Amino acid sequence: ELKVEQNPLFLSMQEGKNYTIYCNYSTTSDRLYWYRQDPGKSLESLFVLLSNGAVKQEGRLMASLDTKARLSTLHITAAVHDLSATYFCAVALNNAGNMLTFGGGTRLMVKP
Amino acid sequence: EPEVTQTPSHQVTQMGQEVILRCVPISNHLYFYWYRQILGQKVEFLVSFYNNEISEKSEIFDDQFSVERPDGSNFTLKIRSTKLEDSAMYFCARGVGNQPQHFGDGTRLSIL
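From first to last, the protein sequence lines are chains A and B.
Sequence positions in the first sequence follow this note's numbering and run 416 to 527.
Sequence positions in the second sequence follow this note's numbering and run 6 to 117.
Keep in mind that the hints were calculated from the coordinates and are not lab data.
A quick note: this is a predicted structure, and the numbers were derived from the prediction, not measured.
Virtual Cβ for every residue (Gly too), placed ideally from N, Cα, C.
Among these hints, one or two may not hold up.
Negatives, chain B to chain A, calculated, CB over 10 Å [to be verified]:
(1) GLY21
(2) GLN46
(3) LYS47
(4) VAL48
(5) GLU49
(6) GLU61
(7) GLU73
(8) ASP76
(9) SER86
(10) GLY100
(11) GLN104
(12) ASP110
(13) GLY111
(14) LEU117
Lysine-lysine pairs mimicking BS3-like chemistry, simulated, CA-CA at most 25 Å apart [as the list claims (entries may be wrong)]:
(15) LYS62/B to LYS471/A
(16) LYS526/A to LYS418/A
(17) LYS88/B to LYS483/A
(18) LYS83/B to LYS62/B
(19) LYS471/A to LYS418/A
(20) LYS62/B to LYS526/A
(21) LYS83/B to LYS47/B
(22) LYS83/B to LYS471/A
(23) LYS483/A to LYS471/A
(24) LYS471/A to LYS432/A
(25) LYS456/A to LYS47/B
(26) LYS88/B to LYS47/B
(27) LYS483/A to LYS418/A
(28) LYS432/A to LYS83/B
(29) LYS47/B to LYS62/B
(30) LYS62/B to LYS88/B
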């Protein structure tokens, strides 16, 4: 059974600071996704990581994937209040269709 | 603007009743998914539906649940004999292959 774990579960940080969210998964996969969810809203796709060493950046967010370590990171640079949300990683197993297994989410609060 | 539209946005139902949640794609797609998210918890896969057949389903998707595409457009999730623990946000998504799954705005289901 695939397990996906994120840490931290909750992160409170000051504007301008840097931080990293970690996503570990238990079974070999080279398809990993990051989503953002605002309170009471849907999930918005942020990044798709499809190979070992993949790195994607959008604004103040950068995601990377290490398939050997079964680890993905979401790095936040110089955080701003607008980044406050819950961030989920999700993994799709190789050769197992498109079912996504989500991590528990990291609730990020950026304080002015 | 979401790529799938879900109705209703909020459904309140007495325990034991049947509910039907609907998903309408903006454009013509063959691959759909249903996920649920209990308040404050992670997103859980229920079922994937491809070319009018169930492709994958989770342990959550038991005999209480069913999916169909009755008119070739709307994609429905039916929950029979609802229970209190069925209260959650239900998300429809579409996507294929390595592309990210795009989620609708969700239906909040409240069982009384």
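Against the structure, the hints:
no.	hint	verdict
1	GLY21	holds (27 Å)
2	GLN46	violated (8 Å)
3	LYS47	violated (5 Å)
4	VAL48	violated (4 Å)
5	GLU49	violated (7 Å)
6	GLU61	violated (5 Å)
7	GLU73	holds (19 Å)
8	ASP76	holds (24 Å)
9	SER86	holds (25 Å)
10	GLY100	violated (7 Å)
11	GLN104	violated (7 Å)
12	ASP110	violated (5 Å)
13	GLY111	violated (6 Å)
14	LEU117	holds (20 Å)
15	LYS62/B to LYS471/A	violated (30 Å)
16	LYS526/A to LYS418/A	violated (31 Å)
17	LYS88/B to LYS483/A	violated (42 Å)
18	LYS83/B to LYS62/B	holds (14 Å)
19	LYS471/A to LYS418/A	holds (23 Å)
20	LYS62/B to LYS526/A	violated (40 Å)
21	LYS83/B to LYS47/B	holds (21 Å)
22	LYS83/B to LYS471/A	violated (38 Å)
23	LYS483/A to LYS471/A	holds (18 Å)
24	LYS471/A to LYS432/A	holds (20 Å)
25	LYS456/A to LYS47/B	holds (14 Å)
26	LYS88/B to LYS47/B	holds (19 Å)
27	LYS483/A to LYS418/A	holds (16 Å)
28	LYS432/A to LYS83/B	violated (46 Å)
29	LYS47/B to LYS62/B	holds (17 Å)
30	LYS62/B to LYS88/B	holds (20 Å)
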